[in-house]
Amino acid sequence: AQSVTQLGSHVSVSEGALVLLRCNYSSSVPPYLFWYVQYPNQGLQLLLKYTTGATLVKGINGFEAEFKKSETSFHLTKPSAHMSDAAEYFCAVSELGDYKLSFGAGTTVTVRA
Amino acid sequence: EPEVTQTPSHQVTQMGQEVILRCVPISNHLYFYWYRQILGQKVEFLVSFYNNEISEKSEIFDDQFSVERPDGSNFTLKIRSTKLEDSAMYFCASSPGQGRNQPQHFGDGTRLSIL
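Here the protein sequences come in this chain order: U and Y.
Numbering-wise (our numbering), the first sequence opens with residue 1 and increments by one.
Numbering-wise (our numbering), the second sequence opens with residue 1 and increments by one.
Treat the hints as calculated values from the structure; they're not laboratory data.
Where is the CB? At the ideal position from N, CA and C, for every residue including glycine.
Don't take each hint at face value.
Unchecked claim - Here chain U is said to cover these stretches of chain Y; the calculated rule only asks that three of the stretch's residues, wherever they fall, bring their Cβ under 8 angstroms from a Cβ of chain U: (1) 38 to 48; (2) 101 to 111.
Said to hold, decoys possible - Using 25 angstroms as the maximum straight-line C-alpha spacing, the simulated SDA-like pairs for lysine to any residue come out as follows: (3) Y/42 / U/66; (4) Y/42 / U/3; (5) Y/42 / Y/22; (6) U/49 / Y/44; (7) Y/42 / U/71; (8) Y/42 / U/113; (9) U/58 / Y/96; (10) Y/83 / Y/96; (11) Y/83 / Y/66; (12) Y/78 / Y/26; (13) Y/42 / U/60; (14) Y/57 / U/46; (15) U/58 / U/73; (16) Y/78 / Y/31.
Whole structure, please, built from the sequences with the hints as guidance.
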């Protein structure tokens, strides 16, 4: 069974600073990996996904993530934080033969002016 | 951009009552899902639905729960005899196809409060 671990339930960054959100997964085969963002009082919006091919994937709003099989990681980054990036971010996986998403616990990002 | 819509946004129900949460998936999508998020916990998969039948369900989705697509547009989650621990945010999602690379599009959720 797959599981997803997000290190750090809360990350605080200064505006303009690097945003780094960590996600590790456990799976017997490389899963498909996703990052979702949830703004206050809204649903989950897909930021980016990794399925096959290039291990560095770019998403919306300047975010990108890199799949590292050797480290079973899929960390999310953004070079320069903006106030509008304040939200909760969820890493999720979908394993071979399975279509449901398994989510991490989420990381809340706050951005300081 | 088309979106998944859920109603109501907040539902307050007495313990033991039945509740129906409603979702309108994106119109050309074929796969439908319900997830829930208890306050402070992970988003958890409940059930997936395709071709008018359940394709997968979690251990959470017991006989208390049921899903239905009563017409061509709505997708509902019914919870019978609600319990305090059913209080959560319930998310509906839909995807265009079955492949794992088909992204699931989520609604804004229904916050269910059981008193």
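Checked hints:
Check result for the stretch 38 to 48 of chain Y against chain U: holds, 6 residues qualifying (beta carbon to beta carbon below 8 angstroms, three or more required). Figure legend: the stretch 101 to 111 of chain Y, annotated as covered by chain U; annotation consistent (8 residues with Cβ-Cβ distances under 8 angstroms, at least 3 required). Between residue 42 of chain Y and residue 66 of chain U the alpha-carbon distance is near 23 angstroms, which keeps this suggested pair within the 25 angstroms criterion. Distance restraint check for residue 42 of chain Y and residue 3 of chain U: the Cα-Cα separation of roughly 11 angstroms lies within the 25 angstroms cut-off, and the hinted pair is therefore satisfied.
The straight-line distance between the Cα atoms of residue 42 of chain Y and residue 22 of chain Y is roughly 22 angstroms, inside the 25 angstroms bound, and the hint therefore holds. Simply put, residue 49 of chain U and residue 44 of chain Y have alpha-carbon atoms about 19 angstroms apart, close enough for the 25 angstroms limit, and the pair holds. At roughly 23 angstroms between alpha-carbon atoms, residue 42 of chain Y and residue 71 of chain U fall within 25 angstroms of each other, so this suggested pair holds. Restraint check: the Cα-Cα separation between residue 42 of chain Y and residue 113 of chain U comes to about 29 angstroms, which exceeds 25 angstroms; the hinted pair is violated.
A hinted pair counts as satisfied when its Cα atoms are at most 25 angstroms apart, and residue 58 of chain U with residue 96 of chain Y qualifies at roughly 22 angstroms. Our distance criterion of 25 angstroms between C-alpha atoms is broken by residue 83 of chain Y and residue 96 of chain Y, whose separation comes to about 33 angstroms. Distance hint between residue 83 of chain Y and residue 66 of chain Y is fulfilled; the C-alpha atoms sit about 15 angstroms from each other, no more than 25 angstroms. Restraint check for residue 78 of chain Y and residue 26 of chain Y: the C-alpha separation of about 20 angstroms stays at or below 25 angstroms, so the hint holds.
About 23 angstroms separates the Cα atoms of residue 42 of chain Y and residue 60 of chain U, which keeps this hinted pair within 25 angstroms; it holds. The hinted pair formed by residue 57 of chain Y and residue 46 of chain U meets the criterion: a straight-line CA distance of about 23 angstroms does not exceed 25 angstroms. The suggested pairing of residue 58 of chain U with residue 73 of chain U holds, with an alpha-carbon distance near 16 angstroms, which does not exceed 25 angstroms. With a CA separation close to 18 angstroms, the supplied pair residue 78 of chain Y and residue 31 of chain Y stays within the 25 angstroms bound.
Checked against the numbered hints above, the structure breaks hints 8, 10 and satisfies the rest.
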